[in-house]
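Undergrad: Residue numbers (full-length UniProt numbering), protein chains in the order written: chain A, 1 to 264; chain B, 1 to 226; chain C, 1 to 214.
One or more of the hints may lead you astray.
[Claimed, not checked] Straight line, CA to CA, 30 Å or less: simulated DSSO-like cross-link-like pairs of lysine-lysine:
(1) A/40 to A/178
(2) A/176 to A/132
(3) C/210 to A/92
(4) A/147 to C/114
[What the hints assert, rightly or not] Simulated coverage check for chain B against chain C, where a stretch passes if three residues somewhere in it have a Cβ under 8 Å from a Cβ of chain C:
(5) 62-69
(6) 73-79
(7) 154-160
(8) 163-172
(9) 182-196
Derived from the structure by calculation, the hints contain no laboratory data. Please read these numbers as outputs of a predicted model, since none were measured by experiment. Glycine included, C-beta positions come from ideal geometry on N, C-alpha and C.
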Amino acid sequence: MSNLAPSAALAPALPVSASSGAAIELVGVNKWYGEFHVLKDINLRVHRGERIVICGPSGSGKSTMIRCINRLEEHQQGSIIVDGIELTNDLKRIDEIRREVGMCFQHFNLFPHLTILENLTLAPIWVRKMPKKDADELAMHFLRKVKIPEQANKYPGQLSGGQQQRVAIARALCMKPKIMLFDEPTSALDPEMVKEVLETMVSLAEEGMTMLCVTHEMGFARQVANRVIFMDAGQIIEMNEPEAFFSNPQHERTKLFLSQILGH
Amino acid sequence: MNLSSFIDVFHSWPSLLNGLAMTVMLTLVSSFLGVVLGTLCAWGSLRGPKALRWFIRGYVEFFRNTPFLGQIFFIFFGLPALGVKLDPVTAALVALTINLTAYACEIIRAGIEATPAGQFEAASSLGLKPAQAFFLVILPPAFQRVWPAMTSQLVIILLASALCSQISVAELSYEANMIASRTFRNFEAYIVVTVIYLGLAVLFREMLTWVGRRFVYGEFATVGQR
Amino acid sequence: MNDFTTWDVFRNLLAAVPWTIYLSLIAFAGGAVVSLLLLSLRFAFPRVAGTPVRLYVQLFQGTPLLMQLFLVYFGLALMGVQTTPLFAASLCLSVYSSAYLTETWYGCVLAVPKGQWEASSSLGLKHWQQMLLIVLPQALRLSVPPTVGLMVQIVKNTSLASIVGFVELTRASQIIANATFEPFLAYGAVAFIYFVICFSISLCGRHLEKRIRI
């Protein structure tokens with residue numbers, strides 16, 4: 001904790017519903033790629049219903065951190081507890097966690113050989129063992145929610161980037177996750193498509209989804225985040241409510257970063 | 001079969017050595033000629049006049065879609081009917097080179113086509129002539145990109161040179177046949193020669209990797225290497 | 001002395017075409033079965049089976065098919081197995097093809113982007129489900145062009161069966177060349193026939209490739 005700026009030590013404002021305990025808890029998490037120390041002593045407690053935006057320069061470890069939360073990457077030290085289940089090498093538990101945690105990727109990673117509808121129903125059918133008819137209904141429900149039900153029978157390659165990312169969000173939602181992770185969901189998109197994806201994410205936030213979002217969309221952070229985290233060189237440098245974070249950054253590196261991405 | 005039955009084979013080491021030398025010579029000469037001619041053909045098939053393009057395309061398709069054994073028979077036994085009489089070694093070299101050129105052309109062409117068009121435009125905008133742009137700007141990264149595929153193809157040519165024994169070129173597998181019929185140790189002779197080929201293939205691949213690092217990737221190893 | 005017309009040469013060569021095709025089909029089917037077995041082993045037990053499978057591939061890709069053919073032919077005889085040229089050639093070509101098919105198909109599975117594995121993991125799919133539902137269907141599409149290329153190689157490789165005395169196209173052309181004293185015509189005609197067979201396979205492959213692209 002010694003690395004944290006003073007403001008991070010203050011108790012951040014929590015949403016009222018957070019009383020039921022932590023959704024995600026990272027305690028003293030360390031990770032190395034060979035010699036390279038990617039994550040240094042990460043401590044983070046995410047409450048239920050809380051929405052956190054993580055920003056920082058590339059290579060700061062922000063993506064790695066959220067990829068550790070559903071075990072796309074393994075951490076070597078410390079503990080990660082998701083929804084009361086600690087991540088270990090026990091494959092059953094990893095599966096349990098992955099069922100509860102949805103993820104959206106920078107490059108969407110839709111399955112190109114399946115239609116949009118099949119992309120959405122795949123996991124409910126094979127993981128949740130849902131009958132196909134119910135899965136189809138569920139999928140159409142979420143496709144309407146992300147406002148592209150008419151694309152159900154097309155293939156991912158026929159959709160625009162923004163549409164693909166909305167499908168990816170709907171695909172994750174079909175598993176009824178308790179937590180959603182977003183790994184730079186808008187950074188591979190053309191500027192005119194960023195808005196439609198952000199709108200989808202905002203409406204998700206309004207419904208009380210627990211969200212961890214790596215993004216540089218500071219407008220989005222202001223609008224929906226309970227806390228904003230700044231990471232650099234594998235450490236959490238600063239963590240605060242959005243208002244305070246943007247108007248009064250404590251740490252030099254945060255100031256520099258903010259001036260680079262905000263100052264035109 | 002036991003260890004002593006290999007002794008007969010090893011007694012013929014001088015002829016094995018001669019065969020080895022011939023195989024190495026055939027491989028190196030045809031590899032060099034094939035890559036050079038293949039590069040020229042790739043240029044011709046992309047930038048040459050229309051008639052040349054069609055000719056090269058036809059040549060490449062024909063030689064990639066017929067067996068090497070048939071090609072070597074045609075060149076050695078068939079061409080004399082047209083008055084072109086080649087001795088076995090020359091015929092073998094011609095066959096290997098013509099065959100490799102077709103494959104090399106296709107490999108290099110694929111590498112060139114994967115080079116962004118902007119590269120050629122940038123070179124032209126700097127005032128380079130088309131040939132200069134091709135050999136100085138387009139070709140080096142294309143070679144980097146396809147060097148692994150080229151390495152595999154050259155190893156295939158090394159192994160295909162075994163078929164030259166069928167027109168009585170005294171290379172390794174020809175010597176294997178000779179030793180086999182002299183000693184009646186068929187299996188042992190072929191085992192020994194197969195192991196030599198395996199060693200040659202491993203060595204040749206290593207050598208080509210070295211050549212690639214030294215001359216192909218150079219100091220601008222940004223593309224093509226994974 | 002020469003009573004053979006060009007048509008006679010072609011007619012006799014065409015009679016040998018079924019044997020070349022037959023041998024090619026055996027080699028491809030046999031090679032595919034062996035390589036699917038090897039690939040299943042390699043993916044099911046990557047630690048244990050990885051190295052042996054790699055060595056198998058390198059062994060058969062690093063030695064001439066001609067030597068393999070002789071080894072099989074004389075090796076079987078040495079073991080006291082009654083063998084025919086057809087059997088020896090089929091066995092040898094199958095094994096040889098399996099090495100190339102294994103290498104190629106393994107590459108196709110690896111070529112499926114990492115993001116596909118990650119996305120399906122994050123949805124909670126089990127390893128075999130990821131393989132069966134997500135990765136293999138995509139690898140199958142990627143494998144069409146190189147597999148067609150290998151089929152052409154296999155057809156051409158069957159010409160080596162002539163060396164152990166099996167009468168397919170190449171052997172037929174040798175017999176005709178010797179009988180007619182017209183090697184130019186005989187070897188030219190056989191090259192043309194091979195070209196027609198192999199080029200049609202390539203064209204079918206290109207057509208298929210266009211159809212499966214999405």
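Undergrad: Each hint should be assessed against the structure and marked as holding or not.
TA: Cross-check of the supplied hints:
| no. | hint | verdict |
| --- | --- | --- |
| 1 | A/40 to A/178 | 27 Å, holds |
| 2 | A/176 to A/132 | 16 Å, holds |
| 3 | C/210 to A/92 | 42 Å, violated |
| 4 | A/147 to C/114 | 29 Å, holds |
| 5 | 62-69 | holds (count 7) |
| 6 | 73-79 | holds (count 5) |
| 7 | 154-160 | holds (count 3) |
| 8 | 163-172 | holds (count 3) |
| 9 | 182-196 | holds (count 6) |
Hint compliance for this structure: hint 3 is the single one not met.
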